[in-house]
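Could you slot chain B onto chain A? The hints should help.
Residue numbers (the working numbering), protein chains in the order written: chain A, 72 to 176; chain B, 63 to 499.
Hints were generated in silico from the structure; no laboratory data involved. Among the clues, some could well be false.
Estimated spans, in silico, between C-beta atoms of each pair [said to hold, decoys possible]:
hint : chain 1 : residue 1 : chain 2 : residue 2 : range
1    : B       : GLY307    : A       : GLY93     : 40 to 50 Å
2    : B       : ARG386    : A       : LEU131    : 29 to 39 Å
3    : B       : GLY344    : A       : ALA174    : 29 to 39 Å
4    : A       : ALA174    : B       : GLY223    : 33 to 43 Å
With a straight-line cut-off of 27 Å between C-alpha atoms, the simulated BS3-like cross-links for lysine-lysine are [as the list claims (entries may be wrong)]:
hint : chain 1 : residue 1 : chain 2 : residue 2
5    : A       : LYS87     : A       : LYS104
6    : B       : LYS373    : B       : LYS469
7    : A       : LYS104    : A       : LYS150
8    : A       : LYS99     : A       : LYS82
9    : A       : LYS104    : A       : LYS120
10   : B       : LYS166    : A       : LYS87
11   : A       : LYS120    : A       : LYS147
12   : A       : LYS115    : A       : LYS104
13   : B       : LYS174    : A       : LYS147
14   : A       : LYS82     : B       : LYS174
15   : B       : LYS174    : A       : LYS75
16   : B       : LYS166    : A       : LYS82
17   : A       : LYS150    : A       : LYS115
18   : A       : LYS104    : A       : LYS82
19   : A       : LYS87     : A       : LYS99
20   : A       : LYS150    : A       : LYS75
21   : B       : LYS166    : A       : LYS99
22   : A       : LYS87     : B       : LYS174
23   : A       : LYS147    : A       : LYS115
Where is the CB? At the ideal position from N, CA and C, for every residue including glycine.
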Amino acid sequence: MAMKTLAPEQKQALAKLRASLGGISEQKRQAQKHLVAARKAILKFLEAKPATVPQIAEALQLPSSEALWHVTGMRKYGKVAEAGEEGDYPLYALVVQQEAAEASH
Amino acid sequence: MNTHITSDFTPDALIIGGGIAGLQSALDLADQDLQVLLVERQASIGGHMIALSKVYPTLDCASCITTPKMSAAAHHPNITILTNTEVEGIDTRDGVHRVRLLQKPTYVNFDKCIGCRLCEYACDTEYPDPFEEGLGAVRAIAVPFTNAIPQKAVLNAEVCGTCGACARVCPTGAIEYDQQPRHLTIHTDAVIVASGFNLNAITVKPQYNAQHSQNIISPLTLERLLAPHGPYGRVLRPSDGKMPGSIAFVQCAGSRDESIGVSYCSRVCCMYAIKQAMLLSGALPLADITIYYMDIRAFGKGYEQFFQNAKAMGINFVRGKVARIHPVEDGDLSLHVETTEDAGNPMQERRHDLVVLAQGMIPGWQPSDVTPVACASDGFVATPALTAPAATTVPGIFVAGTAAGPKDIVDTIAEAGAAAMQASQYLYQKRSAVLVG
Numbered sequence: 072m073a074m075k076t077l078a079p080e081q082k083q084a085l086a087k088l089r090a091s092l093g094g095i096s097e098q099k100r101q102a103q104k105h106l107v108a109a110r111k112a113i114l115k116f117l118e119a120k121p122a123t124v125p126q127i128a129e130a131l132q133l134p135s136s137e138a139l140w141h142v143t144g145m146r147k148y149g150k151v152a153e154a155g156e157e158g159d160y161p162l163y164a165l166v167v168q169q170e171a172a173e174a175s176h
Numbered sequence: 063m064n065t066h067i068t069s070d071f072t073p074d075a076l077i078i079g080g081g082i083a084g085l086q087s088a089l090d091l092a093d094q095d096l097q098v099l100l101v102e103r104q105a106s107i108g109g110h111m112i113a114l115s116k117v118y119p120t121l122d123c124a125s126c127i128t129t130p131k132m133s134a135a136a137h138h139p140n141i142t143i144l145t146n147t148e149v150e151g152i153d154t155r156d157g158v159h160r161v162r163l164l165q166k167p168t169y170v171n172f173d174k175c176i177g178c179r180l181c182e183y184a185c186d187t188e189y190p191d192p193f194e195e196g197l198g199a200v201r202a203i204a205v206p207f208t209n210a211i212p213q214k215a216v217l218n219a220e221v222c223g224t225c226g227a228c229a230r231v232c233p234t235g236a237i238e239y240d241q242q243p244r245h246l247t248i249h250t251d252a253v254i255v256a257s258g259f260n261l262n263a264i265t266v267k268p269q270y271n272a273q274h275s276q277n278i279i280s281p282l283t284l285e286r287l288l289a290p291h292g293p294y295g296r297v298l299r300p301s302d303g304k305m306p307g308s309i310a311f312v313q314c315a316g317s318r319d320e321s322i323g324v325s326y327c328s329r330v331c332c333m334y335a336i337k338q339a340m341l342l343s344g345a346l347p348l349a350d351i352t353i354y355y356m357d358i359r360a361f362g363k364g365y366e367q368f369f370q371n372a373k374a375m376g377i378n379f380v381r382g383k384v385a386r387i388h389p390v391e392d393g394d395l396s397l398h399v400e401t402t403e404d405a406g407n408p409m410q411e412r413r414h415d416l417v418v419l420a421q422g423m424i425p426g427w428q429p430s431d432v433t434p435v436a437c438a439s440d441g442f443v444a445t446p447a448l449t450a451p452a453a454t455t456v457p458g459i460f461v462a463g464t465a466a467g468p469k470d471i472v473d474t475i476a477e478a479g480a481a482a483m484q485a486s487q488y489l490y491q492k493r494s495a496v497l498v499g
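Bound-form chain A, shown alone (with noise of 0.2 Å):
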């Protein structure tokens, strides 16, 4: 989907957004950047092999809950996907790992 330009009306709009909300704070600022390194961190993982939430949180550093989270918000969005079971975990994969290990059964 191509990024239109944003009309000066909208982007005086989104400023006065942005300074009713008192600005982006340094805690929202944080916060987002700790999400994108996160996930970034976990795809580059998975590129590997599949893996469960306890060895992407060992491998990554991460609370196994807060591993969990991301896993699942990247479920929702596409990027990865169910690839078997290990014992009492599921495995995820990247999605296009996960196409390519069904289109070659």
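Relative to the frame of chain A, chain B by itself:
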């Protein structure tokens, strides 16, 4: 869906709450050719029921029952729906109710939004999804959930990074960053309060340590885990994504206890716990499932048979009271149980992977704060007339569903129909008197 009104609009009845009670009352009134305004504070109608997995005792899909009612209300020519709207107050004078409403900005023009979700896909900010009880993730601008009505995106300004990506990709120019809250005053002859319930805090009993373990969950969280389109797509523990092998239900964990201010029985916990246990045994066939209970209250039609079926399926029912819960290693939980079933060993310690606390039902809204409607000592709307179960202390204001007290879906729908009938009878009598007078 009709969502356009001004303060000139004078509906015959205004319904507060777009859950199953409000929807049923709205449909029953609208089918009698009465004009109805349905007001919902969330971004979608459907209430708690649209988030449930299945209903007891039939095990029908909850959204298969709720979605057609939501759709019927949205498409009914006599029903106008305002979402993201709160009731600020009701003043009653000379039999007319002046209802003050606050419609909050969604930052999306609903006339232009086509529900394509391109804005949602372009957004890079996510936060814990309230519809998934915080387990899943949702983006700062999103259609609230798959079968939400209206199917329109809503921007959460509190988490929005104000990057402008949503406006850049919107094909219809629906994003309006300068939307402001709108105040409306509606004059109507009848009001039905269908504001539903909340659960009391999962931490209400500190001895259960819910604040120290993500694996002590609410029954509404388990509903989402059991739902076919739930956050994980299967039942997993929130702490680490493990498929639980041993699950406990602790009954009366937030009600029937004067020390926490909820001395009454929540009435639905026994049956939903049995239903959830049955669904869990289907989702996790090898799991050990135990319900710790004081007594089972299976009072409705077909409920006792449902309970007996659960026992026959191998669900463990342990009569007793859970005194304390402690988190132990690997995210597991240790339950200290006093049981009446083993005289030689009444105090037992049992371990489980996941614990569901049956929290108490409390009112979803306090109308007595902003309206002349009186509440009973339990906090729910008072219904003083035995022969008119939906009548409140104010003529022309009625109540339906769990706003009047804990009850299940079957009773809620029956009561919503009764509230609609009493409201229409009231309107007919009032208008006949005007004509005669």
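Verification of the supplied hints:
no. : hint                            : verdict
1   : B:GLY307 x A:GLY93: 40 to 50 Å  : holds (47 Å)
2   : B:ARG386 x A:LEU131: 29 to 39 Å : holds (35 Å)
3   : B:GLY344 x A:ALA174: 29 to 39 Å : holds (31 Å)
4   : A:ALA174 x B:GLY223: 33 to 43 Å : holds (37 Å)
5   : A:LYS87 x A:LYS104              : holds (23 Å)
6   : B:LYS373 x B:LYS469             : holds (24 Å)
7   : A:LYS104 x A:LYS150             : holds (19 Å)
8   : A:LYS99 x A:LYS82               : holds (21 Å)
9   : A:LYS104 x A:LYS120             : holds (25 Å)
10  : B:LYS166 x A:LYS87              : holds (17 Å)
11  : A:LYS120 x A:LYS147             : holds (20 Å)
12  : A:LYS115 x A:LYS104             : holds (17 Å)
13  : B:LYS174 x A:LYS147             : holds (26 Å)
14  : A:LYS82 x B:LYS174              : holds (19 Å)
15  : B:LYS174 x A:LYS75              : holds (17 Å)
16  : B:LYS166 x A:LYS82              : holds (22 Å)
17  : A:LYS150 x A:LYS115             : holds (12 Å)
18  : A:LYS104 x A:LYS82              : holds (23 Å)
19  : A:LYS87 x A:LYS99               : holds (18 Å)
20  : A:LYS150 x A:LYS75              : holds (25 Å)
21  : B:LYS166 x A:LYS99              : holds (23 Å)
22  : A:LYS87 x B:LYS174              : holds (22 Å)
23  : A:LYS147 x A:LYS115             : holds (18 Å)
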